[in-house]
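*Asks:* The chain contents come next:
Protein chains: 2
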Amino acid sequence: MIKTAITAALLAATSPLSAQIIPPPEKVATLRDAALDHDDYAWDIAEGLTTEVGQRMAGTEAEGRGRDWAVRKLRAMGFANVRVEPFDMPVWVRGAESAEILAPFPQKMAVTALGNSGSTGPAGVTGEIVAFDSVDEFKAAPDSAVRGKIVFVDHRMIPTQDGSGYGQFGTPRRQGPTVASKKGALAIIIRSIGTDHHRNPHTGVQRFADGATPIPAGALSVPDAEQLARILKRGKPVTMHLTLVSQNIGIRQSGNVVAEVPGRDPTAPMLLVGGHLDSWDLGTGAIDNASGLAILTAAAKRIMDAGRPLRTIRVVWFGAEEVGGFGGIAYQKAHPEQRYTIAGESDFGADRIWRFGTKLSATEPATYAALTAALAPLGIVNYDKAEANGTDIGPAVEAGAPWLSLSQDGTRYFDYHHTPDDTLDKIDPAQLRQNVAAWTAALAVLSGGIAEPKRSKRR
Amino acid sequence: MIKTAITAALLAATSPLSAQIIPPPEKVATLRDAALDHDDYAWDIAEGLTTEVGQRMAGTEAEGRGRDWAVRKLRAMGFANVRVEPFDMPVWVRGAESAEILAPFPQKMAVTALGNSGSTGPAGVTGEIVAFDSVDEFKAAPDSAVRGKIVFVDHRMIPTQDGSGYGQFGTPRRQGPTVASKKGALAIIIRSIGTDHHRNPHTGVQRFADGATPIPAGALSVPDAEQLARILKRGKPVTMHLTLVSQNIGIRQSGNVVAEVPGRDPTAPMLLVGGHLDSWDLGTGAIDNASGLAILTAAAKRIMDAGRPLRTIRVVWFGAEEVGGFGGIAYQKAHPEQRYTIAGESDFGADRIWRFGTKLSATEPATYAALTAALAPLGIVNYDKAEANGTDIGPAVEAGAPWLSLSQDGTRYFDYHHTPDDTLDKIDPAQLRQNVAAWTAALAVLSGGIAEPKRSKRR
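First to last, the sequence lines map onto chains W and A. If you use numbering that gives the first Met the number 0, the first sequence corresponds to residues 0 to 458, in order. If you use numbering that gives the first Met the number 0, the second sequence corresponds to residues 0 to 458, in order.
There could be a bad hint or two in this list.
Below, in silico cross-link-like pairs of lysine-lysine (DSBU-like), each with a Cα-Cα straight-line distance of 35 Å or less [claimed, not checked]:
#, chain 1, residue 1, chain 2, residue 2
1, A, K107, W, K107
2, W, K232, W, K138
3, A, K107, A, K138
4, A, K138, A, K26
5, A, K182, A, K235
6, W, K148, A, K138
A few chain W residues facing chain A, derived, Cβ under 7 Å [unchecked claim]:
#, residue
7, T50
8, D87
9, P89
10, W91
11, H196
12, H197
13, R198
14, R229
15, P419
16, D420
17, T422
Read the hints as simulated data drawn from the structure, not as lab findings. Positions of the beta carbon are idealized from the N, C-alpha and C atoms, including for glycine.
Construct the complete structure from the given sequences, taking the supplied hints into account.
*Replies:* Laid out in structure tokens, this is it:
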């Protein structure tokens, strides 16, 4: 086994991927099935991080406590070269927030500010609601219909297994505030970008375009947005008092936490895997994204436990993803010359993986065949039209890194996404283990071969 | 048909129930199936009340707006003798509330005050958490273990179809605050009496026993209670800052809204049906209890549309149920001599009825057989061990009123009960119609016969 590995190492050093040694299928299957049966690493990380740190808003002291926790944890798990790579970023933070219909039917509503929202100040603002069924309808309205009013943009997000609705359905959040600002609106509230029916509004980032003055921008929970639509249907003028206190606190430090399973061949292109450490501030960031970190860290740890891979596995817990992907950009800036065998990211909850894709299908048919065979027993099918998953590996992929996407079932992801409800109980331990099993199998196939430890020396 | 009805009236006047005329099964079936197919009355009431009034906290101006809405609505629907029967009651109202773990892992938690909670004042209180897995364990603890601390009582509520868990599982809410006060605790927080996993805590009434000074008493949402339990498991001292601002605002007016479908025989014992108009203040009181009002009012309206029943159907929208059943007590005090054929109440959500029970099974076998036959096609089975349903008809039942219980499926009721999530979207229109169909069938069987209107006169 060691001899095979050494041969693999020599081959890999000269011809990084095409000549790599793929571990025997039964070895990959054993590693995969052990993860599926009894992985505890991932749960341990997700449970620990969400319990002992809680929310980890980018650039705040809470994210800093998250980095400290990460360094301790990754070192305790036996990873090498554990360090923080700091970077600076502008930081926006939430304050008090509330919404109340004053007329015609007085009642309180559940609201939360969107990222980079302007502030109403603590006294709030009062305005008449003007409603639109879509951003397109809103864009088409004359400025005079909107000026000085609180714009409400309704819409309806439908769950999809592949999460593909997020791009389309997210438009009110991403574009609405800028359009509202340019038309002279007092404030904007949107129906939450979410698929649930709970009184927990969904936050999320938006950025005012150049030339658009920040105005207060919030999201009502889905039940509240439906309630407001019913109230508006009565045809009477609707007045709302809206308070969204928030502030930009300037440039602060965030950072990426980097850890490694050192490969036997330091010159071989490495495997880059990770997720993001930061979270929105409303929940504890369990499915977004403690689970992603947990899955890939557990998979890397399981390879480490099995022996020494030919290629280095680098695990990155990226900072400040939610508010603009700052961590991924900073990582690539810090490692512009690094070459990769593959880059992979998990950032879509903790439900089961159902398909995978990679461009290796064209260039590395043997590797692709091994991946296909290793993942099929988990119910994971290949998908030719896949794209690279994830904001954090985006800059590396853009710079040429090959990628592997393992796609999770997103049917219930947007029930909890960016809400107070993103808490540990939303992670299904069995599905979490399926994720770890899939990534363990993938890392094993791509490892260049795993040299089992000499037991005598290790003891 | 009219002749039959007159005969029935004469019989009923002398021998109230045993000699009543039961409408032919096919007529009952027609009324029932029409409700099941296309009842709009119930949805219209539930939608209107929750949208145009919203929450209706007992004794507040919001409940008053609810009574105004009720009077308008019931008159518009054609009910007779619509009036408010006012009564006075002590009123407690909620203020600002928040909870935050200060050490060892700083984080915010979702909390709400229980009814009649003492107030922390706006500055809040800070204390060490002392935790117990049950009220029994808490009761057994020495006072010295509790004194000056914030008591946390954990437990786990399991959903049951018949809701029977509420008595047992509700102990921490009903007894916990008094025990905590008597032991000298600074405050008490319990795990919400609820079966969901959302960041929406469950409020509910509790009363400090005589001699127990009110202390701040709140409920954490289920995910927060589980989080606190995990934090406590780490074994380090846990400190919480708790703010529960609330106040007793003295004696205020509430009231019952009474409406009738006048019977052909005013001397015949009437049918008393209803639910409660007030709600907790966190949601819009959709399943607790706009749906209950809606179901029984729709059923009475459907009998009214079909013709004139022998017996008067009295519909009561009771006030101030949630905070101590004041409406039911006031109603009975106002009508001590009133005789009833039956009393029925709906106050357990809007999900399907699955069984029914009444003591008529012993005394009125023909009526009971007709009820059984009329309800069976809706999937409703008889249940010999049933008890009278409902707080509001309780005093009338105690004074001797016969009762009919139609039991709803409570499997998901305690997911939303007393939370911000009790909103219109939790009502399933199809199951709501099944409820209306069942009550319409039951009222038809018990009506003493329905005289169809003379079409010429009505036109």
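*Asks:* All the hints need checking, so say for each whether the structure fits it.
*Replies:* Each hint, compared with the structure:
Only pairs whose Cα atoms come within 35 Å are accepted, and K107 (chain A) paired with K107 (chain W) is accepted, the gap being roughly 22 Å. Of the supplied pair hints, the one linking K232 (chain W) and K138 (chain W) holds, its CA atoms being roughly 21 Å apart against a limit of 35 Å. A threshold of 35 Å between alpha carbons decides the hint, and for K107 (chain A) with K138 (chain A) the separation of about 28 Å falls inside it, so the pair holds. Simply put, K138 (chain A) and K26 (chain A) have alpha-carbon atoms about 57 Å apart, too far for the 35 Å limit, and the pair is violated.
In summary, the hint linking K182 (chain A) to K235 (chain A) is supported, as the alpha carbons are separated by about 23 Å, within the 35 Å threshold. Restraint check for K148 (chain W) and K138 (chain A): the C-alpha separation of about 56 Å exceeds 35 Å, so the hint is violated. With 7 Å as the threshold, the beta carbon of T50 (chain W) comes within range of chain A, its nearest partner Cβ sitting at about 5 Å, so the hint holds. Proximity of D87 (chain W) to chain A is violated relative to the hint, the smallest CB-CB distance being about 24 Å (cut-off 7 Å).
Evaluation of the P89 (chain W) hint against chain A yields a violated restraint, the C-beta minimum of about 24 Å exceeding 7 Å. Proximity of W91 (chain W) to chain A is violated relative to the hint, the smallest CB-CB distance being about 18 Å (cut-off 7 Å). Of the supplied interface hints, the one on H196 (chain W) holds, with its beta-carbon coming within about 5 Å of a beta-carbon of chain A, less than 7 Å. The interface hint given for H197 (chain W) holds, since its Cβ lies 5 Å from the closest Cβ of chain A, which is under the 7 Å cut-off.
Hint on R198 (chain W) holds. Least Cβ distance to chain A is approximately 4 Å, under the 7 Å limit. Given hint, R229 (chain W) at the interface with chain A, holds; its Cβ is 5 Å from that chain's nearest Cβ, closer than 7 Å. The restraint placing P419 (chain W) at the interface with chain A holds, with a minimum CB-CB distance near 4 Å, inside the 7 Å limit. A cut of 7 Å between beta carbons decides the hint on D420 (chain W): the least distance to chain A is about 5 Å, and the hint holds.
A cut of 7 Å between beta carbons decides the hint on T422 (chain W): the least distance to chain A is about 4 Å, and the hint holds.
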